[in-house]
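Read off the chains here:
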Amino acid sequence: MKSFTIQAPVMGTEQFVRYGATVGDFNPVHYDLTFAKQLKLPAVISQGPLTFTLALDAAIAENGLDAIAGFKARITAPVFPDTALTITGDADGKVTATNGDTTVLDGALTAR
Amino acid sequence: MIPELKGKVLKTHKTRAYAAYMKDLEATLGTPTAAETARVALFFGVTIARDFDVLEKMGMVLNETLMGGHEIAWARPFEPDEEVEVTVTLADVQDRGKNRIAVIESLFQTPGGEEIQRQYSTFVHLGGAGRGKTGEAAA
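Note that the protein sequences, when read in sequence, are chains A and B.
Everything in the first sequence is counted per this note's numbering, starting at 6 for the first residue and increasing by one.
Everything in the second sequence is counted per this note's numbering, starting at 2 for the first residue and increasing by one.
By construction, these hints were calculated from the structure, which means they are not laboratory data.
Everything numeric in this text was worked out from a predicted model, so none of it was measured.
Just so you know, even glycine gets a beta-carbon here, dropped at the ideal spot from N, CA and C.
Take the hints with a grain of salt, since some may be wrong.
Below, a sample of chain A positions facing chain B; criterion: calculated Cβ distance under 10 angstroms [what the hints assert, rightly or not]:
#1 T10
#2 G53
#3 L61
#4 A63
#5 A74
#6 G105
#7 T107
#8 G112
Pairwise CB distance ranges (calculated) [unchecked claim]:
#9 A/R117 x B/A20: 22 to 32 angstroms
#10 B/A130 x A/L46: 18 to 28 angstroms
#11 A/L46 x B/A92: 37 to 47 angstroms
#12 B/G128 x A/T39: 33 to 43 angstroms
#13 B/G98 x A/L46: 37 to 47 angstroms
#14 B/P81 x A/V22: 34 to 44 angstroms
#15 B/D82 x A/R117: 32 to 42 angstroms
#16 B/Y19 x A/V22: 32 to 42 angstroms
#17 A/V15 x B/Q95: 17 to 27 angstroms
#18 A/K42 x B/E116: 39 to 49 angstroms
#19 B/A76 x A/K45: 33 to 43 angstroms
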């Protein structure tokens with residue numbers, strides 16, 4: 006696998022709603038601020054699979070879809086709207102997504 | 002969530018890998034490779050029927066549940082508009098401390114039985130340990 010560092014496209018609440026509509030995830034924590042605050046969150050949060058998809062997209066951009074057979078990741082922190090994520094990959098297929106000093110996703114690619 | 006559901010099928014669903022949804026996801030991501038990514042990351046198996054029926058069957062309360070991890074392993078990308086049959090199974094369930102951890106497997110196949118991809122989604126039900134029946138509070 007190739008080593009890389011990519012700035013993921015920034016996702017706002019509009020993108021959370023669009024992604025939720027695509028995959029059928031209508032959990033209000035992704036679009037309803039009042040609901041999110043009831044859970045003691047400061048804002049709505051991204052769908053975990055959306056953060057996963059952003060990291061996978063960065064890996065595909067660098068390695069090509071044909072080189073990858075799978076991706077597995079832990080979601081380690083919430084992602085709030087308009088967060089700039091940095092996606093980093095190494096030669097062993099390890100992929101991380103970070104927001105500043107905070108790791109929000111820790112994953113590994115499976116090579117084909 | 003009841004441990005007795007381990008290994009049981011929670012849901013089966015027939016759908017298509019709609020080209021329109023691929024376009025939607027491509028537009029949301031907005032990257033040069035988004036169209037390729039959309040062909041492998043089009044679905045989230047747990048919400049395949051566009052509801053939270055799978056979680057509710059396990060007694061998981063939406064606002065007490067976090068997603069801990071996700072995995073997709075694919076044999077090939079989805080073809081636009083191809084028919085897909087999805088089988089969602091509770092692969093594992095464990096109590097860790099006060100929480101209950103569930104791993105849900107989603108198998109995506111053609112109507113002819115060809116495997117296209119598998120997903121494993123891990124959920125953490127905060128305070129869910131020890132619950133015996135769907136929705137029942139811990140003793």
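Original post:
Taking 37 to 47 angstroms as the hint, is the beta-carbon distance of A/L46 and B/A92 inside that range?
Top reply: 29 angstroms, violated
**OP:** Return holds or violated for the Cβ distance of B/P81 and A/V22 against the range 34 to 44 angstroms.
**Re:** 23 angstroms, violated
Subject >> Hint status (Cβ of A/L61 to nearest Cβ of chain B, threshold 10 angstroms) >> reply: 6 angstroms, holds
Original post:
Can A/G105 be said to touch chain B, with a Cβ gap under 10 angstroms?
Top reply: 21 angstroms, violated
**OP:** Take the C-beta atom of A/V15 and the C-beta atom of B/Q95, compute their distance, and say whether it sits inside 17 to 27 angstroms.
**Re:** 36 angstroms, violated
**OP:** Could you say whether the range 32 to 42 angstroms given as a hint is met by the Cβ separation of B/D82 and A/R117?
**Re:** 25 angstroms, violated
Original post:
Should the interface hint for A/G53 be scored as holding, given a Cβ-Cβ cut-off of 10 angstroms against chain B?
Top reply: 4 angstroms, holds
Original post:
How about A/T10: closest beta carbon in chain B under 10 angstroms, or not?
Top reply: Since the shortest Cβ distance to chain B is 15 angstroms, the answer is violated.
Original post:
Does 18 to 28 angstroms hold as the CB distance between B/A130 and A/L46, or does it fail?
Top reply: For B/A130 and A/L46 the Cβ distance comes to about 23 angstroms; the hint holds.
**OP:** Could you say whether the range 39 to 49 angstroms given as a hint is met by the Cβ separation of A/K42 and B/E116?
**Re:** 42 angstroms, holds
Original post:
Does the Cβ distance between B/A76 and A/K45 fall inside 33 to 43 angstroms?
Top reply: With a Cβ separation near 42 angstroms, B/A76 and A/K45 satisfy 33 to 43 angstroms, so the hint holds.
**OP:** Go ahead and decide if the range 37 to 47 angstroms is satisfied by the Cβ distance of B/G98 to A/L46.
**Re:** At 22 angstroms between Cβs, range violated.
Violated hints for the displayed structure, listed by number in ascending order: 1, 6, 7, 11, 12, 13, 14, 15, 16, 17.
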